[in-house]
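*Asks:* Chains as they are written, first to last, in this note's numbering: chain A, 19 to 441; chain B, 19 to 441.
One thing to keep in mind: the hints can contain errors.
If several chains are the same, the list does not tell them apart, and a pair holds so long as it fits within one copy or across any two.
Below are the DSSO-like pairs computed for lysine-lysine, each with C-alpha atoms no more than 27 angstroms apart in a straight line [what the hints assert, rightly or not]:
1) K113 x K132
2) K132 x K238
3) K133 x K111
4) K113 x K245
5) K245 x K132
Hints in this document: simulated from the structure, not taken from any laboratory.
Number of protein chains: 2
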Amino acid sequence: MKNLKLKFKIKNLCERTKKASRILALAGTGAKNRALVAMGKGLVRNASRILRENDKDLNLARKSELPPAMIERLTLNASRVASMAESLFDIAKLKDPVGEAIETTKRPNGLLIKKVRVPIGVILVIYESRPNVTSDCVGLCLKSGNALILRGGSEAINSNIAIFNVLHKELISSGLPADAISIIKDTDRKIVGRLLVESALIDLVIPRGGESLIREVSAKSRIPVIKHYKGVCHTYVDEFADLEMAEEICFNAKVQRPGVCNAMESMLVNRRIAKKFLPGMIRRFRAAGVEIRGSAEVKRIVGGAAIALATENDWYTEYLGLILSVKAVKDVDEAIGHITKYGSCHSDAIVTENRRNAEKFLNEVDSACVYVNASTRFTDGGEFGKGAEMGVSTDKIHARGPMGLEELCSYKYVIYGKGQIRR
Amino acid sequence: MKNLKLKFKIKNLCERTKKASRILALAGTGAKNRALVAMGKGLVRNASRILRENDKDLNLARKSELPPAMIERLTLNASRVASMAESLFDIAKLKDPVGEAIETTKRPNGLLIKKVRVPIGVILVIYESRPNVTSDCVGLCLKSGNALILRGGSEAINSNIAIFNVLHKELISSGLPADAISIIKDTDRKIVGRLLVESALIDLVIPRGGESLIREVSAKSRIPVIKHYKGVCHTYVDEFADLEMAEEICFNAKVQRPGVCNAMESMLVNRRIAKKFLPGMIRRFRAAGVEIRGSAEVKRIVGGAAIALATENDWYTEYLGLILSVKAVKDVDEAIGHITKYGSCHSDAIVTENRRNAEKFLNEVDSACVYVNASTRFTDGGEFGKGAEMGVSTDKIHARGPMGLEELCSYKYVIYGKGQIRR
Numbered sequence: 019m020k021n022l023k024l025k026f027k028i029k030n031l032c033e034r035t036k037k038a039s040r041i042l043a044l045a046g047t048g049a050k051n052r053a054l055v056a057m058g059k060g061l062v063r064n065a066s067r068i069l070r071e072n073d074k075d076l077n078l079a080r081k082s083e084l085p086p087a088m089i090e091r092l093t094l095n096a097s098r099v100a101s102m103a104e105s106l107f108d109i110a111k112l113k114d115p116v117g118e119a120i121e122t123t124k125r126p127n128g129l130l131i132k133k134v135r136v137p138i139g140v141i142l143v144i145y146e147s148r149p150n151v152t153s154d155c156v157g158l159c160l161k162s163g164n165a166l167i168l169r170g171g172s173e174a175i176n177s178n179i180a181i182f183n184v185l186h187k188e189l190i191s192s193g194l195p196a197d198a199i200s201i202i203k204d205t206d207r208k209i210v211g212r213l214l215v216e217s218a219l220i221d222l223v224i225p226r227g228g229e230s231l232i233r234e235v236s237a238k239s240r241i242p243v244i245k246h247y248k249g250v251c252h253t254y255v256d257e258f259a260d261l262e263m264a265e266e267i268c269f270n271a272k273v274q275r276p277g278v279c280n281a282m283e284s285m286l287v288n289r290r291i292a293k294k295f296l297p298g299m300i301r302r303f304r305a306a307g308v309e310i311r312g313s314a315e316v317k318r319i320v321g322g323a324a325i326a327l328a329t330e331n332d333w334y335t336e337y338l339g340l341i342l343s344v345k346a347v348k349d350v351d352e353a354i355g356h357i358t359k360y361g362s363c364h365s366d367a368i369v370t371e372n373r374r375n376a377e378k379f380l381n382e383v384d385s386a387c388v389y390v391n392a393s394t395r396f397t398d399g400g401e402f403g404k405g406a407e408m409g410v411s412t413d414k415i416h417a418r419g420p421m422g423l424e425e426l427c428s429y430k431y432v433i434y435g436k437g438q439i440r441r
Numbered sequence: 019m020k021n022l023k024l025k026f027k028i029k030n031l032c033e034r035t036k037k038a039s040r041i042l043a044l045a046g047t048g049a050k051n052r053a054l055v056a057m058g059k060g061l062v063r064n065a066s067r068i069l070r071e072n073d074k075d076l077n078l079a080r081k082s083e084l085p086p087a088m089i090e091r092l093t094l095n096a097s098r099v100a101s102m103a104e105s106l107f108d109i110a111k112l113k114d115p116v117g118e119a120i121e122t123t124k125r126p127n128g129l130l131i132k133k134v135r136v137p138i139g140v141i142l143v144i145y146e147s148r149p150n151v152t153s154d155c156v157g158l159c160l161k162s163g164n165a166l167i168l169r170g171g172s173e174a175i176n177s178n179i180a181i182f183n184v185l186h187k188e189l190i191s192s193g194l195p196a197d198a199i200s201i202i203k204d205t206d207r208k209i210v211g212r213l214l215v216e217s218a219l220i221d222l223v224i225p226r227g228g229e230s231l232i233r234e235v236s237a238k239s240r241i242p243v244i245k246h247y248k249g250v251c252h253t254y255v256d257e258f259a260d261l262e263m264a265e266e267i268c269f270n271a272k273v274q275r276p277g278v279c280n281a282m283e284s285m286l287v288n289r290r291i292a293k294k295f296l297p298g299m300i301r302r303f304r305a306a307g308v309e310i311r312g313s314a315e316v317k318r319i320v321g322g323a324a325i326a327l328a329t330e331n332d333w334y335t336e337y338l339g340l341i342l343s344v345k346a347v348k349d350v351d352e353a354i355g356h357i358t359k360y361g362s363c364h365s366d367a368i369v370t371e372n373r374r375n376a377e378k379f380l381n382e383v384d385s386a387c388v389y390v391n392a393s394t395r396f397t398d399g400g401e402f403g404k405g406a407e408m409g410v411s412t413d414k415i416h417a418r419g420p421m422g423l424e425e426l427c428s429y430k431y432v433i434y435g436k437g438q439i440r441r
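Input sequences plus hints: build the corresponding full structure.
*Replies:* Rendered as structure tokens:
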């Protein structure tokens, strides 16, 4: 009985969202931008209320002893709320992707074929921790004409609802359909299963969070899923690297914000420059509180006592904290081989002044983002000029890397004829 | 024991294909084109052998009394083999999508970000009947740098293997990796289930065939699926249509090749011109052997005896044969409403000289291909200038409508820095 009622409620929510999605898909750019700006202002105006609700979540998190990386992701403060609002203002300034002709072809028979960007429809986002995901997703979906169902984690439920309520009120005041965005307030896990079978009403599922969440969603879903898996990101310091530059890049990639998916987890160093590069680099890491887990060779070079021996499992691990695995490799080929075997196809960098090695690395490493001479920390919708991001896809289908407005669109073919028939 | 052996065999096949996919991904355009031309010539040279194998399939099909639409799809002849070869020559002439920079951004911090087209990796195609799918898929995957595993239906197994063998021999002679294409010769259905869990080795599954096949694949697959569902295609004849043009378009859309997914299944006619348009149109359809199933109003207009009364189920049905459902509607809004409810988001057309109604229809009908004043029969990779097609996607994720070379690609971000770190 309770299950039937739940099923009915979910179905009803999905049907209302689908209906609203057709209206939002046809909404003008001006109306969408006005709503985005109003939402941003609403967040700033209601910051103290949002922070009070965030405090509730943080208190519960500390009581239930969530890991520090998770608490860091969960934490809001005035500046993080302000930057959520900034993202909404930025999204309002971005070009509306909807209706853009991606390609126009005139066929020999006179048919004019336009490939036109259109919204995907209804998107379900299932996420953990970071409450800013709530407003980033609302902003990006609204601008790209997609209706949105949010399902946040129970650990951030108060923060998420507080943020959502502010945004929803402004959406309604702007005259856009109220059902275009909604949040699931009930934290019952059965609800996710119910949502994932509604393949006729929901067009796409984006899970963001831990590996187990993503695996569970992928296994259960009858709806297409774009996975945002872990980031086991590497930096390879080539024998032809500018070693000073390499030190700055590696330090930044590991230490600047270790709790996120684009932080470096594994450093690979060419054997020929390892003795010159590693001791100073590792001293600097250790001074910043980074625990080093090195291969036997790295231990020998740096002096065994200072660092732990990496196990096979270390090479696969996304630490999301101040731990780094370090390996010496023979050349760029061995580095590529290591990344192919242990990486997660997220973001990987080479530091080198040698053009051939750079191009080899960029071509052969099969990751969403491949860098030469820059920190992997740049893998981010904002840094890529997309205003904000729905996350970083580690899939190859539809969207790869930071997902912004264009990646939230599908397309349709619009064909203009003058009575053409097929012979 | 047998199951374990099967599992091992499938795993091994997938691993070899994955490995070959990394080599093929980096292959030059010249090498790929030479292989495509050799394959096309091989088909022509071996046409009589292929037709002999096709005869075996056709004899079995007739014995097991397959429906005529299926036998029509299964049938090869000299001209169909020649057009398979033509498709391969056409694909060789198309621009190589791999490596193309889709977008280039220079960020304020100096980072140069290139969004570059790359192959998806390993693609599994599961298909029924039409043997030309074998060579179209090989051609498109090869040119787009993707490795391919083919799993055809048992009803076409002799034709498919004959075609594959010709193509495979030419691939090897061209020096490209032999494992880049393979066909599953064993028709045991368990194999499909085994393939669909290999999500680390296969990047995409494309099922082409009946609805039950596609539903089964979608339900079982742990790998992303791009569905090629049915085509319940509509033509709406507006009150402002050029009625002579409308008659030609509707006749073509229904009769020219009724067994395929882009043929019209349902004709909607504006009430104001129904009396003028329908009697002659339906006479012509009936003379061509088309069975008409009309709404009560259509029966009244045309004269009840000549046509059957359409049931609710008729509006949802893809006949794939000489049957047509016909309905009178009040206006373009009712036509759009009908298509939204009963259509399959494949291809739908409006015939009208009224610009407002045309734009309304094109914007609001949420289908892969929307036409004004042309036959829906044009929804086809070749007709769209794509050389050939992997099929027509009715999904909105990644690819929609005819899938050609570009739609068989993913992309990666290649980022060039000069030591940039994130602040």
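*Asks:* Next, verify each hint and record whether it holds.
*Replies:* Here is how each hint holds up against the structure:
Taking CA atoms no more than 27 angstroms apart as the test, K113 paired with K132 passes in both settings, with 19 angstroms inside one copy and 19 angstroms between copies. In this assembly of identical chains, K132 and K238 lie within 27 angstroms of each other by CA distance neither inside one copy nor across copies; the values are 36 angstroms within and 35 angstroms between. In this assembly of identical chains, the alpha carbons of K133 and K111 lie at most 27 angstroms apart whether taken from the same copy (24 angstroms) or from different copies (22 angstroms). For the identical chains of this complex, K113 and K245 are intra-copy neighbours only, at 26 angstroms inside a copy versus 31 angstroms across copies, given an alpha-carbon limit of 27 angstroms.
In the homo-oligomer, the alpha carbons of K245 and K132 lie at most 27 angstroms apart only across protomers (22 angstroms), although the nearest pairing inside one protomer, at 30 angstroms, exceeds that limit.
The structure is inconsistent with hint 2 alone, although it conforms to all the rest.
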